[in-house]
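A.B. asks: Here is how the chains run, residue by residue.
There are 2 protein chains.
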Amino acid sequence: MKSTKNQLLVSVEESRRFMIDCFSAAKIPRSHAEQMADLLVAADYRGHYSHGMNRLEMYINELDDGTANGSATPTILKQTPATAWVDGENGLGAVVGNFCMDLAIKKAKNIGVGWVCAKRSNHYGIAGWYSLRAMNKGLMGISMTNTSPLMTPTRSKQAALGTNPISFAAPANNGDSFVLDMATTAVAGGKIEIKMRKNEPCPIGWAQDVEGNPTTDPHVAFDAGCLMPLGGAENTSGYKGYGLGVMVDIMCGISSGSNYSTKVRKWAHSGNTTEANLGHVFIAIDPDCFAPGFTDRMTEMIDICRSMPRIDPELPVLIAGDPERIHMENVDKEGGLRYTENQLQTCEKLVKRLSVKPLSFV
Amino acid sequence: MKSTKNQLLVSVEESRRFMIDCFSAAKIPRSHAEQMADLLVAADYRGHYSHGMNRLEMYINELDDGTANGSATPTILKQTPATAWVDGENGLGAVVGNFCMDLAIKKAKNIGVGWVCAKRSNHYGIAGWYSLRAMNKGLMGISMTNTSPLMTPTRSKQAALGTNPISFAAPANNGDSFVLDMATTAVAGGKIEIKMRKNEPCPIGWAQDVEGNPTTDPHVAFDAGCLMPLGGAENTSGYKGYGLGVMVDIMCGISSGSNYSTKVRKWAHSGNTTEANLGHVFIAIDPDCFAPGFTDRMTEMIDICRSMPRIDPELPVLIAGDPERIHMENVDKEGGLRYTENQLQTCEKLVKRLSVKPLSFV
Numbered sequence: 055m056k057s058t059k060n061q062l063l064v065s066v067e068e069s070r071r072f073m074i075d076c077f078s079a080a081k082i083p084r085s086h087a088e089q090m091a092d093l094l095v096a097a098d099y100r101g102h103y104s105h106g107m108n109r110l111e112m113y114i115n116e117l118d119d120g121t122a123n124g125s126a127t128p129t130i131l132k133q134t135p136a137t138a139w140v141d142g143e144n145g146l147g148a149v150v151g152n153f154c155m156d157l158a159i160k161k162a163k164n165i166g167v168g169w170v171c172a173k174r175s176n177h178y179g180i181a182g183w184y185s186l187r188a189m190n191k192g193l194m195g196i197s198m199t200n201t202s203p204l205m206t207p208t209r210s211k212q213a214a215l216g217t218n219p220i221s222f223a224a225p226a227n228n229g230d231s232f233v234l235d236m237a238t239t240a241v242a243g244g245k246i247e248i249k250m251r252k253n254e255p256c257p258i259g260w261a262q263d264v265e266g267n268p269t270t271d272p273h274v275a276f277d278a279g280c281l282m283p284l285g286g287a288e289n290t291s292g293y294k295g296y297g298l299g300v301m302v303d304i305m306c307g308i309s310s311g312s313n314y315s316t317k318v319r320k321w322a323h324s325g326n327t328t329e330a331n332l333g334h335v336f337i338a339i340d341p342d343c344f345a346p347g348f349t350d351r352m353t354e355m356i357d358i359c360r361s362m363p364r365i366d367p368e369l370p371v372l373i374a375g376d377p378e379r380i381h382m383e384n385v386d387k388e389g390g391l392r393y394t395e396n397q398l399q400t401c402e403k404l405v406k407r408l409s410v411k412p413l414s415f416v
Numbered sequence: 055m056k057s058t059k060n061q062l063l064v065s066v067e068e069s070r071r072f073m074i075d076c077f078s079a080a081k082i083p084r085s086h087a088e089q090m091a092d093l094l095v096a097a098d099y100r101g102h103y104s105h106g107m108n109r110l111e112m113y114i115n116e117l118d119d120g121t122a123n124g125s126a127t128p129t130i131l132k133q134t135p136a137t138a139w140v141d142g143e144n145g146l147g148a149v150v151g152n153f154c155m156d157l158a159i160k161k162a163k164n165i166g167v168g169w170v171c172a173k174r175s176n177h178y179g180i181a182g183w184y185s186l187r188a189m190n191k192g193l194m195g196i197s198m199t200n201t202s203p204l205m206t207p208t209r210s211k212q213a214a215l216g217t218n219p220i221s222f223a224a225p226a227n228n229g230d231s232f233v234l235d236m237a238t239t240a241v242a243g244g245k246i247e248i249k250m251r252k253n254e255p256c257p258i259g260w261a262q263d264v265e266g267n268p269t270t271d272p273h274v275a276f277d278a279g280c281l282m283p284l285g286g287a288e289n290t291s292g293y294k295g296y297g298l299g300v301m302v303d304i305m306c307g308i309s310s311g312s313n314y315s316t317k318v319r320k321w322a323h324s325g326n327t328t329e330a331n332l333g334h335v336f337i338a339i340d341p342d343c344f345a346p347g348f349t350d351r352m353t354e355m356i357d358i359c360r361s362m363p364r365i366d367p368e369l370p371v372l373i374a375g376d377p378e379r380i381h382m383e384n385v386d387k388e389g390g391l392r393y394t395e396n397q398l399q400t401c402e403k404l405v406k407r408l409s410v411k412p413l414s415f416v
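Chains as they are written, first to last, in this note's numbering: chain A, 55 to 416; chain B, 55 to 416.
In short, the hints are calculated from the structure, not lab data. Errors might be hidden in some of the hints.
Computed footprint of chain A on chain B; a stretch qualifies when at least three of its residues, placed anywhere within it, have a C-beta under 8 Å from a C-beta of chain A [to be verified]:
1) 207-216
2) 337-344
3) 391-398
The calculated DSS-like cross-link candidates involving lysine-lysine, where the alpha carbons are at most 30 Å apart (straight line), are [as the list claims (entries may be wrong)]:
4) K160/A - K163/B
5) K132/A - K160/B
6) K132/B - K160/A
7) K245/A - K403/A
8) K211/A - K245/B
9) K191/A - K317/B
10) K132/A - K160/A
Glycine residues also receive a C-beta, built at the ideal position from the N, C-alpha and C atoms.
Can you make the complete structure from the sequences, with help from the hints?
C.D. replies: Encoded structure:
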């Protein structure tokens, strides 16, 4: 049954099928197409629509332009039993990321820790995809990446760092877990875009205008491209978010020898002609190397947090990963992903451009 | 020449001497007394007076009460070439911390990474002390600890986590470096105390009252003991700081099997009779395992940040570690540490109580 305009539901499987078809039409190996589709559909399923199908066209553009190499597979340049330095060979983010995290997992299973950093990679989607990969093997997983400059250091008028996300995931009992996946800016750029579309002001602490003044106007914020670090202004400790952003770039860009800080190309949905050369780091740690009973304590800690007395009785205290869990439950209940009309129009354009089978609705 | 009341300068060496004498009088081994004094005087020298001599009396109280065991040395419970699980045996924080970070450094030099977590430890001072220890050996260093509950999870009326600090340090050329050392709360408790003493309001985003409302009254904030996570309220992404706080506790408390979350005893300057059983983690990573030229790129990145166009021409853009660098230069220029009268009175009390030689002034 085809959905009406108000009910544009696409099943997770169908979304994945469509994205695999698009990537395959861009002439990349089937396994690479699948890895990218799995990454993007996971973002949509988890509720991070900005990092899902929303990015499909950009990736297709980069493959068409030859800015990224869809067939490349990563190379290990140097390794120890606990570490590896990887050249992503300008391959697709998911291909590089999965390779590196799987290597880190293998090392962690052997020796307790795997620490793998990669240069010459591309956008790797949600950082959480890779930390989850480690978590699903019973490990603690960490993933970070540098990105195009958007964050203003405290006291600076201009951006010098990306939104440089940190993800950390750890398993609890009965499928429960803690999954942190956060930009080190106060908010990611997508949140400014949503405020712009809704014509709502941004809270103070999200963004600056070109002169460095805090702004609540999402249009001014979007044009300036100057996101404030987590913590906002200096008197609310924005320098901590700035420090975390630099820390991420040291472990990703500086360590791997990729681009870093202002050397990373500017963000663009299309028209980039230079290799991104992003740096990532992937870390897996085996909790069995430490105190027995890790997942029991995880469950207890999560219970403590969720049971804290609420400020507003209607708003439960959550743990990182709960918003995504709630979103996935809703998708399952509704039977599919609810894309915007705008997104579906982009998909129609891709159908024509790549001659793939259109999306069908639930 | 004895300083006047307005000029209470104590040389770094004399401060260290005094603290060694106090710890020795509390009948702990000389090497343990030196390790604690080195830790505390480094905090004062770096400008973190809340974590320096200010803590001396508390440590002496804990030794006197038998709450901490000043003679204990840590035991390795389990290890791989890359990891270790350590029992701090309720020893002093610096003794446990130095032992663990030195072990992590050794492992990193051998195999690229050392990841050591400890249970049954006590307050370990500034987290930066341990990351610096790795950095001084040419490594990236990370140190984190859990602490007594003071941070309210987003939407919670009560505290469930400590200020749970993260420190990350990495070397650049010519003695320059990046040294992040931050509580995952918006501010540490000491900043509220300073506002209280000055009778100045706190910015919104620092603390809550007992009902969970943001407060600007430092007295209300101090009494409630409810610090907000980095990022402040939910609409400015305080859940990220909360997430970071939980992450720290997972790597420290949950991994090591120490106390965690609300199981950590409440903060008290004196009168604690139960073992703290805190958990820490110490990580060292050898950048030589990755791209050559690490310190060159570090220097370039630091230069980029420091050279960013300023919002206020009078306020230079800094890099984490710069405020401490500036403070150390000032101490060197002035010839000593400038303790408050209040602190010096506490020292006089300790002189009588422990029969040690009084502090002399520059």
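A.B. asks: With reference to the structure, classify each hint as holding or not holding.
C.D. replies: Quick rundown of the hints versus the structure:
no.: 1; hint: 207-216; result: holds (count 7)
no.: 2; hint: 337-344; result: holds (count 5)
no.: 3; hint: 391-398; result: violated (count 0)
no.: 4; hint: K160/A - K163/B; result: holds, 21 Å
no.: 5; hint: K132/A - K160/B; result: holds, 20 Å
no.: 6; hint: K132/B - K160/A; result: holds, 20 Å
no.: 7; hint: K245/A - K403/A; result: holds, 25 Å
no.: 8; hint: K211/A - K245/B; result: holds, 27 Å
no.: 9; hint: K191/A - K317/B; result: holds, 28 Å
no.: 10; hint: K132/A - K160/A; result: holds, 16 Å
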